[in-house]
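Given the structure of chain A, go ahead and fit chain B onto it with the hints provided.
Given next are the chains, with one letter for each unit.
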Amino acid sequence: MQPKISLKRILSITGITGVVLFLIIILFLTFYLQGHTYIYYVKPTSTSFEVPVRLIIPKIGVDAVVESLGITSDGAMDVPKVPNNVAWFNLGPKPGENGSAVIAGHYGFWKNGEGSVFDDLNKLRKGDEIFIEDEKGTIIAFVVRELKRYNQDADVPEAFNLNDGKSHLNLITCEGVWDKDKKTYSDRLIIFADRK
Amino acid sequence: MKNFNKNLIITALALSFVLNFGSTAVLAAATTPALGVAKTFGILAGTYTNTTAGTTITGDVGYTTGPAVVPTINGTTYVANATYNQAGTAQGAALTALNNETCTVNFAAGAIDLATDVTHGTVGVYTPGVYCVTGAMSVGTGGITLDGAGTYIFRSTGALTTVTGSVVATSNGASECDLFWTPGAATTLAANTTFLGTDIDAAGITIGSTVGWTGRALAYGGTISTASDTITVPTCAGAATTGTINVVKTIINDNGRTKVIADFPLLVNGASVTSGETNVFTAPATYTVTETTDSNYTQTFSASCPNGIISLVPSDTTVCTITNDDKPISNGTGAGPATVVVPPLIDVVKVPSPLALPGGPGLVTYAYTLRNVGTVPVTNITMIGDSCSPITLVSGDTNGDSKLDTTETWTYSCATTLLTTHTNTVTATGWANGISASDVASATVIVGTSAVPPLIHVTKIPNPIALLSGGGLITYTERITNPGTVALSNVTLTDDKCSPMQYISGDTNGDSKLDTTETWTYTCAKNLMQTTTNTATATGQANGLTAKDFAIATVVVVAAPTLPNTGVPPTAQNILWAVMITATLLLISTSVALAVKKHKI
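First to last, the sequence lines map onto chains A and B. Oh and the first sequence: position 182 is 181 in numbering that gives the first Met the number 0, straight run, nothing missing. Oh and the second sequence: position 511 is 510 in numbering that gives the first Met the number 0, straight run, nothing missing.
Simulated from the structure, these hints should not be mistaken for laboratory data. Model, not experiment: these values are computed from the prediction. There may be inaccurate statements among the hints.
Said to hold, decoys possible - Here are the simulated lysine-lysine pairs, DSS-like style, with alpha carbons at most 25 Å apart:
(1) B:LYS525 with A:LYS93
(2) B:LYS326 with A:LYS181
(3) A:LYS195 with A:LYS165
(4) A:LYS135 with A:LYS181
(5) A:LYS182 with B:LYS525
(6) A:LYS165 with B:LYS525
(7) A:LYS58 with A:LYS122
Looking at chain A on its own, in the form it has when it is part of the complex:
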């Protein structure tokens, strides 16, 4: 004798599943919409640029405060102090100036459960847009040219040294496998972008 599944039971399960799905969708939309910032961009005519204060990457929902940092004691580019901020390397050019401006952000989950600003940096693709706002409110746009992955110890002067008379913005974060001894990830991801 086949077990009977009543209509009521089916409705109950469907209802509960629907509620769960609904909650998931709501949660997803909440995060998705939070991550997306819509900006009004007009190509600036100014040729002088100030210290960057805000980084916006619509594709991956980044809208971050920019810290101005130099190098660490061991000669590495310094990193932001909080998960959601990014760091501009202040011994290099400012975004918009000729040369390679460099911005770094964290990857991974912090102890308080908060994710990092560049967790989704690897989702960027050629043609995606990146915006930088300086302290005077000028917004400059960059377009992703390529993604490159390097070993953690790699010396990548070209990320800092491109002198082709054009303006570039390079974003750096971690990737790969956590190295317990070195307390760092095995790889680095660099997004190379050119001024729009």
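This is chain B only, laid out in the frame that chain A set:
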């Protein structure tokens, strides 16, 4: 056996012939050795003693311990520096060469009075040769005369002495330039001796009162004493056998470290040298410049001494720059420099007056002009001259702050007596923002002929002088001028780290000569990725002489950092995911359980 003996005899005869023949050949070839760096020294001693006034040395003087009463020295005094040590090495080399000359006359064993000996030939007269004494040798009352051109070597196993008033004279082309004394024990010249030649005697040389000596007293490591004597280094012909090396240290403390020039002891072939000091070395020869390195500084040599190696050619003036750039300090704070450090840039010109001393030795006054061609005030200025001191600041520090400001021109002066044609070099060094800057100027004064020597000056200005991380394009503008009185031909300008050097303008009359009124401008562009010190060398010729000048400039480039450590340990991430997944599973299972329970009801 008989055959064997026969062969032995033939072999012995053959060997004897060869040896005799060889010996004869060597006898005829007695030559005057090169004295190298020691050539210009009248006194070269470990300890030089002079307790009375009235001694005049016309020539260079070198010692480690100096005299209580400083004699009149028409020359340069070298106190235990590299040139002094090089002269000692040259003295040793000359002695070895002299000792290798085979005896032409072997006196009978025992003391020999060269003035009365009858065994060698005419009494009191000597022809060129190598005279060997087993015992002491002396010049007695009658004195001796050296007769005919050629090399004379008087070698003894014992002492060399002279008696009061004895005379060593020359005739028929004999020259004090070709006369050498190599006693095996101490030399003692009695009062009023008239002496000639070069005495090489590390056992010590005691020169009695009022001795007139045309030659050299070389006792490196030993003691020389004088008393109201006149010692004159002869002007001897011969190709140049020396060159100069000036090792210039540049320090870049753009990462907060604090080492100074003295923290990096400099060595040439293991012998200590002072930064900025021009030292004389025997040439041609290869030298190795080293230093006591510091692991917190990176070391770079200029192109004139790649990896510290210098191939010195006779008469050349070499400037070897070693740049030490500091590495970031590991202070645990993670804080690096916040700004780009601007290096200093200075320029020195030296003009001698007069440029030529046709009448022979005389007084020369050098006028030095020091300018700040950079953008920041320069402190701790030092001027190191190789053969003139003291170099006195005459004027220029208008605000009296002891800083060479960009608006100031400091003038210095120094006077010295020159005996022979000489190239004098000065190295100016100053500091700003923890970085040192140097410039070198040299000038030749001709003694003995009326020819006017050339003078040349080069100034190099990089633009910009400092770069942010990543570097960028630097344009060096180099200007050559002629501070002398004769037009220069065959003008060249090279830079050890930038090429091509492009001529822009300056030859206003188009005669391809750098006239005294002209300024020739060149530019050179280079993409610099790292802090760089480069040296420009300008040369020009006139009256058969070549003038040379150097310009050294440092451009600071903030080094590209290594990649940032942007990762957060995954443990925290895993825990979070574990909590989330558990919570979700719990939620779903509770929902299902509730649904099932409700259904049963």
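For each hint, the structure was consulted:
no., hint, verdict
1, B:LYS525 with A:LYS93, "holds, 22 Å"
2, B:LYS326 with A:LYS181, "holds, 22 Å"
3, A:LYS195 with A:LYS165, "holds, 11 Å"
4, A:LYS135 with A:LYS181, "violated, 40 Å"
5, A:LYS182 with B:LYS525, "violated, 39 Å"
6, A:LYS165 with B:LYS525, "holds, 17 Å"
7, A:LYS58 with A:LYS122, "holds, 8 Å"
Violated hints, listed in ascending order, are 4, 5; each of the other numbered hints is respected by the structure.
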